[in-house]
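Following the hints, complete the assembly by docking chains B, C and D onto the known chain A.
There are 4 protein chains.
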Amino acid sequence: MSELFRIQLKVRDYECDLQGLVNNAVYQNYLEHARHEFLLSRGVDFAAMAQRGEFPVVVRAELDYRKPLRPGDGFFVTVRCSMEGKIRMVFQQEIVRDDGVAMLQARFVTTVLDARGRPRIPEGLVQRLAD
Amino acid sequence: MSELFRIQLKVRDYECDLQGLVNNAVYQNYLEHARHEFLLSRGVDFAAMAQRGEFPVVVRAELDYRKPLRPGDGFFVTVRCSMEGKIRMVFQQEIVRDDGVAMLQARFVTTVLDARGRPRIPEGLVQRLAD
Amino acid sequence: MSELFRIQLKVRDYECDLQGLVNNAVYQNYLEHARHEFLLSRGVDFAAMAQRGEFPVVVRAELDYRKPLRPGDGFFVTVRCSMEGKIRMVFQQEIVRDDGVAMLQARFVTTVLDARGRPRIPEGLVQRLAD
Amino acid sequence: MSELFRIQLKVRDYECDLQGLVNNAVYQNYLEHARHEFLLSRGVDFAAMAQRGEFPVVVRAELDYRKPLRPGDGFFVTVRCSMEGKIRMVFQQEIVRDDGVAMLQARFVTTVLDARGRPRIPEGLVQRLAD
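Residue numbers (the working numbering), protein chains in the order written: chain A, 1 to 131; chain B, 1 to 131; chain C, 1 to 131; chain D, 1 to 131.
Bound conformation, chain A alone (with noise of 0.2 angstroms):
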């Protein structure tokens, strides 16, 4: 398993809806931002991965949201990522409130498709990321 990985983060106004609330949709915005952040501090870029033709995806995502983050919150957002298998990749991932208040907790698996949409994770990845 991955050393924790975190990025610092503070909620946009417009990232909060009409309950005043950060919307649900948007953690999966702050979680999979810090997912590339982190697969970027490894070397590994998400957008060129694409450019070559490899896919990385999710495949299953589970959050658990404990407390909502209001406008001006300040955060940071951990990652942890581990391997499943030959080709799933296993991102827990946390977002805590400055004041060390944890917000949510969340699992994604995710693996890496091929151009043919065959799941195959590219090699020197999992080198790279698992230590």
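Hints listed in this document are in silico derivations from the structure and should not be mistaken for laboratory results.
All clues stand as given, with none of them false.
When the alpha-carbon atoms are kept at most 27 angstroms apart in a straight line, the in silico BS3-like pairs for lysine-lysine are as follows:
#, chain 1, residue 1, chain 2, residue 2
1, A, Lys10, A, Lys67
2, D, Lys86, C, Lys67
3, D, Lys10, A, Lys10
4, C, Lys67, C, Lys10
5, D, Lys67, D, Lys10
6, A, Lys86, B, Lys67
7, C, Lys10, B, Lys10
8, B, Lys86, A, Lys67
9, C, Lys86, D, Lys67
10, B, Lys10, B, Lys67
To give an idea of the chain C side of the interface with chain A (calculated C-beta under 10 angstroms), a few residues:
#, residue
11, Asp13
12, Tyr14
13, Glu15
14, Cys16
15, Asp17
16, Leu18
17, Gln19
18, Gly20
19, Leu21
20, Asn23
21, Asn24
22, Ala25
23, Val26
24, Pro71
For every residue, glycine included, the Cβ atom is placed at its ideal position computed from N, Cα and C.
Using the frame of chain A, we list chains B, C and D on its own:
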């Protein structure tokens, strides 16, 4: 458990990301919109609830991504609602492309918070939704 | 100038922000979607253009916000297209609530870039769009 | 006219569309976020205004798209505010990539509506913003 409810939608180009596919977070938008239309069809107005100090919230979301929607795809989103105990409503949902292929299955565990943030399903809501 | 094209839409709750109104940026989504549907109605597929290395781009956008759309509002979006010189297509657009009230007027100046980033309207496009 | 205010941001992959570029509507998100951060820096909280029944609204937006932002680009957004007559605040904004290239210029004409929907700039707001 409620009868099957469904709405018809079409992918909009701005909902697709640099992979040329509908972004993972956008499916949550589709699913939320279908749930709110389901509520409306039962005489329950989400926006009006928020103004009354009743806050429907998602506690847990599970999404199984089967196949990706692409630009121009037509599809429908289904909703089925049931109670789980006294304070939890569970929504089973599916996204199906117009040619009948299942793209995504999802399950949302929700509750309603009162103005003090305590779970409390408003009187009459269960009768409206569950049949 | 082209004949008037229009699409019918409905506000989705997630498109509203903490003011309880459709967020300003979302109108650009509606307008873009209407333009792309207009293109499709003329046999021009935006997503396919991008894959061929033809990139329609907005050069300038002007939006006059008259009244805000609210949760549940039904509305339609109109499109009218005309050429301005040889490399610019101009879209006049309007958003009108179902009761006939004009909510927004907009004007988009656009062009098409080739793979090297130079403005070049593909052959035949003008004929397809302008009549 | 106010001193130049600026915030630093970075493109997130989900903000890019099927052209592989930041979607046109997303720039409005960036620009709104920068305006709200500018307001905050002057002690004016947009979310709190909405709760008090003061609704800042955009009346007109003009955006000149110069060059597109791409995945991973770092950039900053500037804000300059001035009064135009007694009920209109004008924001001049620019988006500049980290290497100094100007990507977009924009101008937003705004006002504040009271609970009855009439334009009325709250007392003291002009002094806070204009210097």
